[in-house]
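Protein chains in written order, with the numbering used here: chain A, 31 to 414; chain B, 31 to 414; chain C, 31 to 414; chain D, 31 to 414.
These are calculated hints, taken from the structure and not from any lab test. Check each hint, because a few of them may be wrong.
Repeated chains share a single entry, so a pair holds when one copy, or any two copies, can fit it.
Stated by the list, open to error - Calculated pairs, BS3-like style, for lysine-lysine (alpha carbon to alpha carbon, straight line, at most 25 Å):
id	residue 1	residue 2
1	K92	K149
2	K315	K266
3	K76	K98
4	K369	K281
5	K369	K332
6	K310	K266
7	K281	K310
8	K412	K177
9	K266	K92
10	K391	K315
11	K281	K391
12	K122	K76
13	K42	K122
14	K98	K315
15	K198	K76
16	K412	K391
17	K266	K411
18	K382	K315
Quantities reported herein were computed from a predicted structural model and do not represent experimental measurements.
These are the residues of each chain, in order.
4 protein chains.
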Amino acid sequence: MQNIYVDEHLIKQAIEDRRFFHQHPELSGEEFETCAFIRNRLEALKIEILDFEPPSVIGFIKGTKGNKTIALRADIDALPITEEGDKPYLSKNPGVAHMCGHDGHTATLLAVAEWLSIKGNEVEPNIVLIFQSAEEITPSGADRLIKQGVLENVDAIFGIHLWQGMEKGKIGLTHGPMMASIDDFEIMIQGSGGHGSMPHETVDPIYVATHVIQSLQSIISRKLNPIDSGVISVGKIEAGTTYNIIPDTAKLIGTIRALTPEAVATLQNKMVQLTEGICKAFDAKGQVDFIIGTPPLVNHAKESHFVESVIRQSFGDDVFELVDPVMGGEDFSYYLQNKPGAFIFVGMGGEKSMYPHHHPKFDIDEEVIPDAIKLFIEIAKKYQ
Amino acid sequence: MQNIYVDEHLIKQAIEDRRFFHQHPELSGEEFETCAFIRNRLEALKIEILDFEPPSVIGFIKGTKGNKTIALRADIDALPITEEGDKPYLSKNPGVAHMCGHDGHTATLLAVAEWLSIKGNEVEPNIVLIFQSAEEITPSGADRLIKQGVLENVDAIFGIHLWQGMEKGKIGLTHGPMMASIDDFEIMIQGSGGHGSMPHETVDPIYVATHVIQSLQSIISRKLNPIDSGVISVGKIEAGTTYNIIPDTAKLIGTIRALTPEAVATLQNKMVQLTEGICKAFDAKGQVDFIIGTPPLVNHAKESHFVESVIRQSFGDDVFELVDPVMGGEDFSYYLQNKPGAFIFVGMGGEKSMYPHHHPKFDIDEEVIPDAIKLFIEIAKKYQ
Amino acid sequence: MQNIYVDEHLIKQAIEDRRFFHQHPELSGEEFETCAFIRNRLEALKIEILDFEPPSVIGFIKGTKGNKTIALRADIDALPITEEGDKPYLSKNPGVAHMCGHDGHTATLLAVAEWLSIKGNEVEPNIVLIFQSAEEITPSGADRLIKQGVLENVDAIFGIHLWQGMEKGKIGLTHGPMMASIDDFEIMIQGSGGHGSMPHETVDPIYVATHVIQSLQSIISRKLNPIDSGVISVGKIEAGTTYNIIPDTAKLIGTIRALTPEAVATLQNKMVQLTEGICKAFDAKGQVDFIIGTPPLVNHAKESHFVESVIRQSFGDDVFELVDPVMGGEDFSYYLQNKPGAFIFVGMGGEKSMYPHHHPKFDIDEEVIPDAIKLFIEIAKKYQ
Amino acid sequence: MQNIYVDEHLIKQAIEDRRFFHQHPELSGEEFETCAFIRNRLEALKIEILDFEPPSVIGFIKGTKGNKTIALRADIDALPITEEGDKPYLSKNPGVAHMCGHDGHTATLLAVAEWLSIKGNEVEPNIVLIFQSAEEITPSGADRLIKQGVLENVDAIFGIHLWQGMEKGKIGLTHGPMMASIDDFEIMIQGSGGHGSMPHETVDPIYVATHVIQSLQSIISRKLNPIDSGVISVGKIEAGTTYNIIPDTAKLIGTIRALTPEAVATLQNKMVQLTEGICKAFDAKGQVDFIIGTPPLVNHAKESHFVESVIRQSFGDDVFELVDPVMGGEDFSYYLQNKPGAFIFVGMGGEKSMYPHHHPKFDIDEEVIPDAIKLFIEIAKKYQ
């Protein structure tokens, strides 16, 4: 896609930046070198840096009107994955790699920062630039920044993801639920063990667990609105030590996903009710604990329609794609729980980006970076 | 088996009697013609007839010592089955037939009555002769007679069954549980119906029923002592009317069997607990009703060992067989709940009796009737 | 909503027509009086009537350009429901009523026909007016018309539903899956019956059915993409006759819904695989038969975007609503399997239409009929 | 129970021997010190020692007639249990203890050996004295001795167990199945893992395992004759590693018990059929492996009736008890698979023996040892 709008220099530098980040990936919460790079650049651009806890960096640029403030966000952390492949700028940090594309997000937002520092006179609202730590883990870096007040004067927030699952040349989003919640759970079933030859003197927690796991299926099949999406997966079951002893307990752990807070609540509430009730029916004791992760990412309709119109006007009707929600998660959802805004996929799937996110051979297609830069700039310019 | 002990006349008449009963079968509770026959015979034999409600007949013979009283019991009812076959004395009552052998029991006890009326001087205890109505149905004829006081002065009671499932030439019993309880149940699962396309707005009673039925298996597999025997069978399930409507309710009916009162209690209690508990876990309401039938038939050890010694002494060690319990039921169990006693199988399986009880071609082997008569007489003679 | 576009006369007559149809509802396949009314009107308007089997009526109007042909469709059948309420134009046909709003659809399309007969010079494409019988039943009236060739020269087809589930004042659609498939199924589980006290000599089809039903839940919870929507509901289970007999067979009937042909295929294939496989594992024989109903209604993206732009331009951006799919079905889906097109909801939910479709108190809000008329007209005018 | 039959000296020495063995317990297969003690004693008694692999010792005593040969067996191994309590002759071998009573069995058979060496002229048959290693483990010491030919010339074999589960003062056995088989199993369910948020791309082995485990219950509840006894217990389930990954496999291990070879076969065959069939239905692969342990111990009727008559004659009718089978196992079953014989419980339950076998506080009641000695002697004397 031709993109004269963003000039050659800006693009060249963005790609150089991205490769630097790619070679120097840092794990969630440890992005100190990355932050130093960002700070240096923002300082060089004379962009004000707000006072937030590292390793996140928050820049601020006053708008020409300044009666509104929007935040643009990039996540900056890498993953504990060993990169595979032979490109010249492979990760130099063994066991750590930018296998989700956050290097591209960071470079994009730095380019946007540079553009704003030069062409700020074209932009009415104040701009908060969020270079956010720790997207990939719990506790979430977004949640932390919000608690520190990053959204205090923000009217709307926008974020992007360079997205392998969407065709290169397309940019889009949903007008509502877009990415799933991620919560983990632990179920403890307390029975009463004994010898395998005398089951009648025991409460067999393995047998009880089969009823519990079967009942979890029915939450999806019978209790969730079929229009909604949700997943409950037991990832691990631990019970017993040997052939002939019925154990005291069975422990199940797993994950649940849903696209709306209501669906998350349905899944969790039914999971507790069924586990406790079924265990009790069998004289066992069931307990469910949730390890709350990321809420579902739900775009705000007004902002998502604004973004749609930006895409249609700035890139063409053909570029816009109404996205199907995905069951992956993203901590940008925290921002959208607090303020209006929208999250946007910039498609890059194709020959140059053919492995899914988190795959050891994942790569971004750098050719879509200019569009990502342009998208943020257009949002900044058009937001009222 | 040769049997000079009981004389030719007695045997000939017993077989004639049996064929008369076979030709004139009457359903449970309607054995009036049969009773008239029995009363006439007892009166002819000058045997006292006690005053009990028809259609049962209770005879009484004073013993030489008379410090103890034993009851000998025959059941007299037939079954609502159309007999098949071509023997000359087929049932003349369409749709009703002695397909369980009670005709043989009645004839046997009449022969015993005749012997006692002649040789009473050889018998020390008083003898109560119970010709009992309604063994095959609920409410039980045995239970009814007991409530009328038939066991009041009885010290012990003995009964026999001519048994196709045991080899001809063998006579035997257990020293404990011998025949199963029979109780029926009805489970009502009250859910909340709705359209098949919107399961999340319903409580689907058919789905809940699958958990309940699965849990019933676990009562047998996990809650009953493996040494004990028990069965829970759902015979019928009724739920719903059409393709696309989730119904409000599911109704299950079935039967339970066990060999000891403790096992019966375990099955019933767990059935209630699991049904109610599981239904509640799924927001449904489960209710279990029992249609109490026949208790398990459990021989009393002292009396069963007495019978074993009678068999060994009067018929030989080879004739005695320690019986495996059977899952069929028999309302003789009511007598054994109230008084000591034992129930005995007189084997007749073989060429002349090859179809199981209740089969439309079932027949007794009349050649074992002399042994049945002799068994009762020996019990009467040897009981102290 | 003010609507000067469609003149007073047209609106008044549409409402009168609608009330006439409401008072004279006819069941699916029996819409002969309704068709007579339609034919008379079209003839009065000098609109050509194409030769299709009754009780559907197909009108044809030549466009000014005529190089393209679009079809506009109304369904005309009523439901076997007894209407409740007290409006002056209640159904006069006992047990039959327009409880889905097809009376409104028919009146709308007649008004469109009249407008076209007058203002046809404003419309470039040829217009096929489909007054379709038998939307509510299987076999589908749409399918029948297609087989008779109604779509032969049609380039695109559009249909509407006055929709209680959408707020009055909104008009909208999806850009893909919009309404569910409807297929019914019958599962026969052939076991081997016997006496309830001897389960080991049987293959208990009721028990096997519990595994089959449980496994059906897992098709939704484990085999359907969580992003997709699907339902499998067992509506009825029939097995057994009495307490103590394990029956030979269990029969389950139910319905399945999904929003895409791929999801329908997944549900059906897995249902067959699991039923047959599980039954076989238990020595039973499982057979699944599908009663194929209506395919999922999936709008074609190009035509749905065209309709979106028509709505935005003719009614305003505020009126357009991107619709969430619904699990109800609609045989308009057959047209969309054959030709490009889109189905549109005209919102009428509110005080005047507060009961859901098929409810005995369901009513349409006649105030939205002018918009429905206008929508069809604008589609006809703008289609290229 | 007074027991003048066996003289004071013999009893005193038996108790001393028993305490020696109790203080010097050895694990299965390692009974070398125990064997040295036995050999020394037999040699001192001038009893011929047959040539069998240690650590078992086989003695041989010629009978007066010698036309028949019977074997009497004691098992000699201890358990890997740390004894609790404060008796003066506690185990001196840390972590190893005679917590099943084999010390008593060994001392009993040594006393029998001494009696035979003195009073051999009262005994007609040849006597093989089997001091058997490794009863508690698989592979079984009995099986090993049989393969070495220990039963070659043996006409019948008898063994005892001092039995805590039976009242002191009672001696008894069954006339058929008496102790359960012990076989272990391993079930591997091979599914196909993936991310917890995308169950539709996996074959979830944990979910499949719930159907398999549920189906195992039905083997007991629906496929085993209710009169028979059987247990299938899953002791351990292993599947998965973390919250959000559906694993490739689930592994179940457990134990099965039954009282007859036919029941064992039913359990095993159905387990294989159901596991393989259910897994296949779900696109997984199920494999069942059995670790064959001990067959069910089934007394031979002729020999068990012989033992019953010995008990009745030598101890009194009150002492004999017809035993209910137990679900524990015993490798004496191997002998009974090869030769006629019977296994006998010598009751010792009461104040002096109140903890069950294998409990760390288990103890035998030494006062029943004289009866055990007498029982073996009477069997030897009366066998013809």
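Hints, one by one, checked against the model:
1. K92 to K149: Within. Shortest intra-copy distance 12 Å satisfies the 25 Å Cα cut-off; inter-copy 56 Å does not.
2. K315 to K266: both (19 Å within a copy, 19 Å between copies)
3. K76 to K98: Answer is within: at 21 Å inside a copy they meet the 25 Å cutoff, but 60 Å across does not.
4. K369 to K281: neither (38 Å within a copy, 48 Å between copies)
5. K369 to K332: within (12 Å within a copy, 34 Å between copies)
6. K310 to K266: For K310 and K266, the Cα distance is within 25 Å both inside one copy (22 Å) and across copies (22 Å).
7. K281 to K310: Both: 16 Å inside a chain and 23 Å across chains, each within 25 Å.
8. K412 to K177: Neither: 29 Å inside a copy, 52 Å across copies.
9. K266 to K92: neither (51 Å within a copy, 63 Å between copies)
10. K391 to K315: Neither, since 45 Å and 30 Å both go past 25 Å.
11. K281 to K391: neither (34 Å within a copy, 32 Å between copies)
12. K122 to K76: neither (30 Å within a copy, 80 Å between copies)
13. K42 to K122: within (22 Å within a copy, 77 Å between copies)
14. K98 to K315: neither (54 Å within a copy, 56 Å between copies)
15. K198 to K76: neither (34 Å within a copy, 52 Å between copies)
16. K412 to K391: neither (37 Å within a copy, 48 Å between copies)
17. K266 to K411: Classified as neither: same-chain Cα gap 49 Å, cross-chain 60 Å, threshold 25 Å.
18. K382 to K315: neither (53 Å within a copy, 37 Å between copies)
Violated hints, in rising order: 4, 8, 9, 10, 11, 12, 14, 15, 16, 17 and 18; the structure is consistent with all others.
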